[in-house]
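Chemist: The opening residue of the sequence shown carries number 0 in numbering that gives the first Met the number 0; numbering runs sequentially from there.
Quick caveat, the hints were computed from the structure, so don't treat them as lab data.
Glycine included, C-beta positions come from ideal geometry on N, C-alpha and C.
Misleading hints may appear alongside valid ones.
The following label-pair restraints were derived from C-beta to C-beta distances [to be verified]:
| no. | residue 1 | residue 2 | range |
| --- | --- | --- | --- |
| 1 | PHE68 | HIS128 | 17 to 25 Å |
| 2 | ASP32 | THR140 | 51 to 59 Å |
| 3 | LEU209 | TRP165 | 51 to 59 Å |
| 4 | GLU144 | PHE83 | 15 to 23 Å |
| 5 | THR246 | ALA27 | 55 to 63 Å |
| 6 | PHE141 | VAL53 | 34 to 42 Å |
| 7 | GLY110 | LYS41 | 49 to 57 Å |
| 8 | ARG21 | ASP183 | 40 to 48 Å |
| 9 | HIS109 | GLU48 | 51 to 59 Å |
In the PhoX-like style, the derived pairs of lysine-lysine whose C-alpha atoms are separated by at most 20 Å in a straight line are [stated by the list, open to error]:
| no. | residue 1 | residue 2 |
| --- | --- | --- |
| 10 | LYS66 | LYS90 |
| 11 | LYS90 | LYS106 |
| 12 | LYS117 | LYS106 |
| 13 | LYS211 | LYS33 |
| 14 | LYS66 | LYS105 |
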Amino acid sequence: MDKLLPDALQDYVSASRFRSERRRIRAAKSDADKHLIALKRKREELRCELGKKVYVPLTPPVMKGYKRFFVLRDDVARGVQASFFQGILDKINTYDYFHRRDYKVKKRKHGKKILVVKEQQVLSPDRSHFKKMNFTAAEATFFEERDVPHRCGRGAVRCMVFTQPWRFVLRVRPNMITERRIIDPVLLAEEQQLDNHIMNHQLAHRMYWLFKGKSNRRWNWCLGEKVKYRMQPKTLQQWLQEVINNTEEP
0 MDKLLPDALQ
10 DYVSASRFRS
20 ERRRIRAAKS
30 DADKHLIALK
40 RKREELRCEL
50 GKKVYVPLTP
60 PVMKGYKRFF
70 VLRDDVARGV
80 QASFFQGILD
90 KINTYDYFHR
100 RDYKVKKRKH
110 GKKILVVKEQ
120 QVLSPDRSHF
130 KKMNFTAAEA
140 TFFEERDVPH
150 RCGRGAVRCM
160 VFTQPWRFVL
170 RVRPNMITER
180 RIIDPVLLAE
190 EQQLDNHIMN
200 HQLAHRMYWL
210 FKGKSNRRWN
220 WCLGEKVKYR
230 MQPKTLQQWL
240 QEVINNTEEP
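Turn these sequences into a full structure, and let the hints guide you.
Modeler: Structure below.
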């Protein structure tokens, strides 16, 4: 086969290390991925800076709705074990903020909308969360494991439920805002500009794939039982016999 180039020119091309078309395409993709990685890190830095909470006093304080929480019942608060149950309440207390003092919301019943009081319960952690809350042996005896409906209506989850909720009652107090947070407008504008660039050029999916290595799908927290493969392996003769039997049936 004849040479396409003279010997001197062939040696020059080999020594110059010219990139092929495939290598140029791969280099362009690598540069684009490096740019996405830099954008991702830049956005994380901006969010970290914006996440730093700096508060200054707000004078005069402003009332914003109401907050509802649990307190010890009067007879329990006057009892001998008041400090014991107060320690439990401090770990499982919940707070609910609302714009109405009576905490009533609209609910449809028999085709009509009526006002009902919002439900509020103490915290019912799962087993792993329960171990991290550092309950003593005496405090743990007031909890039992039950199946609690999931808040999104996706089955039930196993939680540690307090067995004597009657010891606590709800109390409503005004929600007073005494501090305000300072946010740097320059950093906020820079973050918004970066997010707009990622959204307008549709870079989020590729960026997620570079860092996570998989598609950005929703995660179902209520994992059900794994579906088993019910079809048994059969030979060709068995398959043909089933087809013949199905065709012979009237």
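Chemist: Each of the hints needs a verdict: does it hold here or not?
Modeler: Hint check results:
1. PHE68 - HIS128: 17 to 25 Å: Roughly 20 Å apart at Cβ, these two residues keep to the hinted range, so it holds.
2. ASP32 - THR140: 51 to 59 Å: holds (56 Å)
3. LEU209 - TRP165: 51 to 59 Å: holds (54 Å)
4. GLU144 - PHE83: 15 to 23 Å: holds (22 Å)
5. THR246 - ALA27: 55 to 63 Å: For THR246 and ALA27 the Cβ distance comes to about 59 Å; the hint holds.
6. PHE141 - VAL53: 34 to 42 Å: Distance hint for PHE141, VAL53 holds at roughly 40 Å.
7. GLY110 - LYS41: 49 to 57 Å: holds (54 Å)
8. ARG21 - ASP183: 40 to 48 Å: 46 Å Cβ-Cβ, so the 40 to 48 Å window holds.
9. HIS109 - GLU48: 51 to 59 Å: holds (53 Å)
10. LYS66 - LYS90: holds (18 Å)
11. LYS90 - LYS106: violated (31 Å)
12. LYS117 - LYS106: Between LYS117 and LYS106 the Cα gap is close to 10 Å, so the pair holds against 20 Å.
13. LYS211 - LYS33: Roughly 15 Å separates the two Cα atoms, so the pair holds.
14. LYS66 - LYS105: Status holds; Cα separation ~19 Å.
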